[in-house]
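Model the full structure from these sequences, guided by the hints.
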Amino acid sequence: MENLVVIVFMVLRLWLVLGARLRARQAERRRLRQLRRDERRIKSAKRCQAILQQYKTLLRLRLRRRRILMAILEGSSRRRAIWSLNRSSDWWDNCAPRYTEAQWLQHFRMSEETFMFLCNKLRPALQRKDTFFRECVPLRKIVAIALWKFATGSDYRPISVLFGVGISTVAKCVKDFCAAAEALLLPELINVPNEGKFWEIASYFESRWGLPQCVGAIDGSHIPIIAPRNFHTDYFNRKGWHSLILQAVVDGKGLFWNVFAGLPGSMHDARVLRLSAIWDLASRGNLFPDHSIQIAGVDFGYCILDDSAYPLQDWLLKPFTDTGRLTEQQLLFNKKFSRARVVVENAFGRLKGRWRCLLKRNDCDVSLVRSMILTCCALHNLCESHGEHYDNVWTTETEYPEPVAAPPPPQNTGDVGGRAKRDALMMHLVGQQ
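Note that the sequence shown covers residues 1 to 433 in UniProt numbering.
Source of the hints: derived by calculation from the structure; they are not laboratory data. No experiment lies behind these values; they were computed from the predicted model shown. Idealized CB from N, CA, C, for every residue including glycine. Treat each hint with caution, since some may be false.
Have a look at the derived ranges for each label pair, beta carbon to beta carbon [what the hints assert, rightly or not]:
(1) Trp91 <-> Leu58: 45 to 51 Å
(2) Lys253 <-> Ile293: 21 to 27 Å
(3) Trp91 <-> Ala183: 27 to 33 Å
(4) Leu331 <-> Val416: 19 to 25 Å
(5) Arg67 <-> Asn191: 55 to 61 Å
(6) Ala125 <-> Tyr204: 18 to 24 Å
(7) Thr321 <-> Arg98: 55 to 61 Å
(8) Ser89 <-> Met116: 16 to 22 Å
(9) Asn230 <-> Gln49: 51 to 57 Å
(10) Leu58 <-> Pro187: 31 to 37 Å
(11) Gly297 <-> Asn191: 32 to 38 Å
(12) Asp365 <-> Gly166: 14 to 20 Å
Here are the simulated lysine-lysine pairs, DSSO-like style, with alpha carbons at most 27 Å apart [to be verified]:
(13) Lys360 <-> Lys141
(14) Lys239 <-> Lys360
(15) Lys197 <-> Lys172
(16) Lys175 <-> Lys360
(17) Lys46 <-> Lys172
(18) Lys239 <-> Lys172
(19) Lys56 <-> Lys46
(20) Lys197 <-> Lys56
(21) Lys253 <-> Lys360
(22) Lys46 <-> Lys121
(23) Lys121 <-> Lys253
(24) Lys253 <-> Lys336
(25) Lys43 <-> Lys121
(26) Lys56 <-> Lys43
(27) Lys121 <-> Lys175
(28) Lys335 <-> Lys360
(29) Lys253 <-> Lys335
(30) Lys129 <-> Lys141
(31) Lys129 <-> Lys197
(32) Lys129 <-> Lys56
(33) Lys141 <-> Lys175
Here it is as structure tokens:
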């Protein structure tokens, strides 16, 4: 009996000890959970406090920015110590206005009257307004900077010093001027003639060189550039320097009525022609109006004169290839043909002499060089049509001679009409002797 009591007592004691330990462990777990909840609350409170602090900082910055803007708008007397580099534009402001007509022509390649006409033409695209931060570059100065770049081919740095503007400003003025000229000047000054204009051009060719139904002469010219980073070998021409190709058609007075520029210098002239819009128009019969006359029994429509680099077509005539066996009639034809076709070579000479940026190796981006070429062609037509004087001193030898184009690949029977028209024109010229 005593043993049973002892056992019961021991069991009760063990039960009490285990219960106390279990309760202590549960209490410890509750305390740990409470600590974790407290930590999370503290972290959340800190995050809220940080977000609130950021909001207060942003609010202070916003209020500060608002005070600064209000001070600027109210014409506050506070000014920044240094806003922009102080540059001198004394030459443009004081010297250029006193230029004589000869000096104006020498520096800008056109009279002041034509200069103002050009400014008014480009005003919708180039006119700028002053801001609260700085004064804009005036319209006249933008045009003058671009013309100086085209006329001299100078780098941006000396032009920036001369006009008292930054180098980047000079680059932007040139780029903006080219974009404005392409949009506003090029479509007006260089376009395919209408029926009446074609008749005038053909009459001029016939009266001056005795070639009927001729409405233009076509040729290509290479514009030197610095080798582009991408595909630079494509721009390497037959003379060993990098260039872009300008293809142009001129009338009898040396005015461009079609230009195509931007293809790499390694490309053949005949290939350039086939990629141009004028080839597409002529191939579809949409280039010339329907105006034909009978010459030596051949129905003779309008045509363009080219050289040996181009294919012979019914709308594109070329001289006889000199193999040493040409007849007297063929030699006579080539002689008169070359006399008339020299008008396009003279036009290129005047173009590059007036705008010397086309003579020197251009370090601008290829896309900008193309835009500069087209702009210079439009300016050439502007100066020529306004009767601007051309100083023969401007025509100088260039260090980049024109590459001699390889002969075109053999033609198929598609040039039969061209041969018939060329033979008929030869007989017509022989009959005039």
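Tell me the hint numbers this structure goes against, listed in increasing order. Hints 6, 10, 15, 17, 18, 20, 22, 25, 28, 31 and 32 are the ones this structure does not satisfy, whereas the remaining hints hold.
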